[in-house]
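Chains A, B, C, D, E, F and G, in that order, give the protein sequences. Residue numbering for the first sequence follows this note's numbering, beginning at 62 and increasing consecutively. Residue numbering for the second sequence follows this note's numbering, beginning at 62 and increasing consecutively. Residue numbering for the third sequence follows this note's numbering, beginning at 62 and increasing consecutively. Residue numbering for the fourth sequence follows this note's numbering, beginning at 62 and increasing consecutively. Residue numbering for the fifth sequence follows this note's numbering, beginning at 62 and increasing consecutively. Residue numbering for the sixth sequence follows this note's numbering, beginning at 62 and increasing consecutively. Residue numbering for the seventh sequence follows this note's numbering, beginning at 62 and increasing consecutively.
Don't take each hint at face value.
Below, computed lysine-lysine pairings styled on BS3-like, alpha-carbon distance capped at 25 Å [stated by the list, open to error]: (1) B:K136 - B:K73; (2) F:K129 - F:K99; (3) D:K136 - C:K124; (4) E:K99 - E:K124; (5) E:K136 - A:K107; (6) E:K136 - G:K73; (7) A:K107 - B:K107; (8) C:K129 - D:K73; (9) D:K120 - D:K64; (10) A:K64 - A:K129; (11) A:K64 - E:K136; (12) A:K129 - B:K136; (13) D:K107 - D:K120; (14) D:K99 - C:K120; (15) C:K107 - B:K99; (16) E:K129 - A:K136; (17) C:K73 - B:K124; (18) C:K136 - B:K99; (19) E:K136 - E:K64; (20) G:K73 - G:K124.
Rather than coming from a laboratory, the hints here were simulated on the basis of the structure.
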Amino acid sequence: MIKPLGDRVVVKALEREEKTKSGIVLPDTAKEKPQEGKIVAVGTGKLLENGQRVPLDVKEGDKVVFSKYGGTEIKIDGQDYLILSERDVLAIVE
Amino acid sequence: MIKPLGDRVVVKALEREEKTKSGIVLPDTAKEKPQEGKIVAVGTGKLLENGQRVPLDVKEGDKVVFSKYGGTEIKIDGQDYLILSERDVLAIVE
Amino acid sequence: MIKPLGDRVVVKALEREEKTKSGIVLPDTAKEKPQEGKIVAVGTGKLLENGQRVPLDVKEGDKVVFSKYGGTEIKIDGQDYLILSERDVLAIVE
Amino acid sequence: MIKPLGDRVVVKALEREEKTKSGIVLPDTAKEKPQEGKIVAVGTGKLLENGQRVPLDVKEGDKVVFSKYGGTEIKIDGQDYLILSERDVLAIVE
Amino acid sequence: MIKPLGDRVVVKALEREEKTKSGIVLPDTAKEKPQEGKIVAVGTGKLLENGQRVPLDVKEGDKVVFSKYGGTEIKIDGQDYLILSERDVLAIVE
Amino acid sequence: MIKPLGDRVVVKALEREEKTKSGIVLPDTAKEKPQEGKIVAVGTGKLLENGQRVPLDVKEGDKVVFSKYGGTEIKIDGQDYLILSERDVLAIVE
Amino acid sequence: MIKPLGDRVVVKALEREEKTKSGIVLPDTAKEKPQEGKIVAVGTGKLLENGQRVPLDVKEGDKVVFSKYGGTEIKIDGQDYLILSERDVLAIVE
Chain A
62 MIKPLGDRVV
72 VKALEREEKT
82 KSGIVLPDTA
92 KEKPQEGKIV
102 AVGTGKLLEN
112 GQRVPLDVKE
122 GDKVVFSKYG
132 GTEIKIDGQD
142 YLILSERDVL
152 AIVE
Chain B
62 MIKPLGDRVV
72 VKALEREEKT
82 KSGIVLPDTA
92 KEKPQEGKIV
102 AVGTGKLLEN
112 GQRVPLDVKE
122 GDKVVFSKYG
132 GTEIKIDGQD
142 YLILSERDVL
152 AIVE
Chain C
62 MIKPLGDRVV
72 VKALEREEKT
82 KSGIVLPDTA
92 KEKPQEGKIV
102 AVGTGKLLEN
112 GQRVPLDVKE
122 GDKVVFSKYG
132 GTEIKIDGQD
142 YLILSERDVL
152 AIVE
Chain D
62 MIKPLGDRVV
72 VKALEREEKT
82 KSGIVLPDTA
92 KEKPQEGKIV
102 AVGTGKLLEN
112 GQRVPLDVKE
122 GDKVVFSKYG
132 GTEIKIDGQD
142 YLILSERDVL
152 AIVE
Chain E
62 MIKPLGDRVV
72 VKALEREEKT
82 KSGIVLPDTA
92 KEKPQEGKIV
102 AVGTGKLLEN
112 GQRVPLDVKE
122 GDKVVFSKYG
132 GTEIKIDGQD
142 YLILSERDVL
152 AIVE
Chain F
62 MIKPLGDRVV
72 VKALEREEKT
82 KSGIVLPDTA
92 KEKPQEGKIV
102 AVGTGKLLEN
112 GQRVPLDVKE
122 GDKVVFSKYG
132 GTEIKIDGQD
142 YLILSERDVL
152 AIVE
Chain G
62 MIKPLGDRVV
72 VKALEREEKT
82 KSGIVLPDTA
92 KEKPQEGKIV
102 AVGTGKLLEN
112 GQRVPLDVKE
122 GDKVVFSKYG
132 GTEIKIDGQD
142 YLILSERDVL
152 AIVE
């Protein structure tokens, strides 16, 4: 598996039918084409200028809405993933 | 429901008639096309460089004026919402 | 009424004749088209990186010169107002 | 009179003959067209990220060389003034 | 050998067959054309504004996914290497 | 004379023959057309975000190499000078 | 000789045959055209926002790989040198 660094996370995008069950529809018109997905791995945290390491607000298994804008696509054992910074994760879907 | 992260908020835009009751009219000419709406969820707060987490100035139920500029549109159970940073919320309408 | 957030203020632009009484004329040639107006509401203050909240240098009723550049226009009960950051307020007119 | 805010100053540009007396000639070729003038009012000081307010290095009556680049022109009782940030004041002319 | 400075690392890009063994395929479509490789040397750490030197999150021998975007190519004794900042290293492949 | 503010310095550019004596030749090809000159006045120092004022690394009389890029030209009593930030002074010529 | 200021260094670029002895070949294709050279002088160190002066990671005599991108060319007594910031020095060649 892959372990993201610092304040990055690895997300598995949810397929269409998975999305409709959650009732969330992300209009394609939006400039940043937000997406829904599941967090599969999180980094060690955000390093602040005072040397403190702050754990991320999301954890493995969280269902989230994120903006694809700055992410990096990667395929592992045939499955698509996206590596992105935590600031591109907009909200947790409860 | 969805839980915004960090210093983000979720806003439900007010319909036209709801706006006229509040007496607020937002001219379309303005570059940032400000909007009126209601806060439906707020993030855990803004993380400062000294590690402190500062609660947001707005809370659930506040009626606000905001600039749509940097927001992300999202539809949940057929209702439109906007996820934006608190700095795009300009004022609370009392 | 509306309560601006953080380091923002709400300004009511002065009409032409109100301006000539104060002797201040703002040439249109200037790139930022400065304006004269009155502060009608101020935010809770500027949040610094050390978590301190610094009150604004202007208060309700101050007559000010400001640059329209980054403001957001808004009309409340038929009256035009501008929501802007305190850094766009250049000076107080005594 | 007008009271500049924060780290701003109000400058009255010196007329041509006033300049030649001081021996200072500012070539027009320079990109930023530097100017000579007199400080007529100074702000309360520069606000640092640690909350400290640092008084400005110039005071009322100082003769200065400044770059017009970021200033805002304003006319008060028929006299032209310029509101600019202290960082656009390059030097004091002794 | 070469010793990278500060928060830089030296990476040896993995050949095609080495990559397929790890099951990781990096689609060329991705804007930043992420790559897989091995860390061969790490810098002394990231210097923070408070003077603290923070060791890097990766070490010699780690298999990583990185974005080629800001790196500098260098050939030593016929072998290709890339010098890049740690922030361009996205994740460790376990 | 003129007293530069903050982290600025006043430099008098060296004439051609003065330069060849020092053995320093500055190729015109370089983007920033570096120049040689003498420091004639220095500011009170660089103001840091913690409020500390750090004296400049150069002093009156130092012969220096500097990049003309961000400077402001000024002529005083017929002599050309340049007002620039200390960060545009590259080195002291001993 | 010349004494670089702050976090700058003076580098003497290595001639072609000197480079091949060290086994390092720097492909011209690389956007930033990295170069090999020797450090001939270092500045007093990097000034941090807390007022601390941090000594540089390189010293006189170090063989280094650097990116020419932001440097300033200078010829002293017929010999070419480059003045650059330490952040443009990528690695030390041991």
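Against the structure, the hints:
no.: 1; hint: B:K136 - B:K73; result: 10 Å, holds
no.: 2; hint: F:K129 - F:K99; result: 13 Å, holds
no.: 3; hint: D:K136 - C:K124; result: 16 Å, holds
no.: 4; hint: E:K99 - E:K124; result: 5 Å, holds
no.: 5; hint: E:K136 - A:K107; result: 34 Å, violated
no.: 6; hint: E:K136 - G:K73; result: 20 Å, holds
no.: 7; hint: A:K107 - B:K107; result: 14 Å, holds
no.: 8; hint: C:K129 - D:K73; result: 23 Å, holds
no.: 9; hint: D:K120 - D:K64; result: 13 Å, holds
no.: 10; hint: A:K64 - A:K129; result: 19 Å, holds
no.: 11; hint: A:K64 - E:K136; result: 29 Å, violated
no.: 12; hint: A:K129 - B:K136; result: 17 Å, holds
no.: 13; hint: D:K107 - D:K120; result: 14 Å, holds
no.: 14; hint: D:K99 - C:K120; result: 29 Å, violated
no.: 15; hint: C:K107 - B:K99; result: 24 Å, holds
no.: 16; hint: E:K129 - A:K136; result: 17 Å, holds
no.: 17; hint: C:K73 - B:K124; result: 21 Å, holds
no.: 18; hint: C:K136 - B:K99; result: 18 Å, holds
no.: 19; hint: E:K136 - E:K64; result: 14 Å, holds
no.: 20; hint: G:K73 - G:K124; result: 10 Å, holds
Checked against the numbered hints given earlier, the structure breaks hints 5, 11, 14 and satisfies all the rest.
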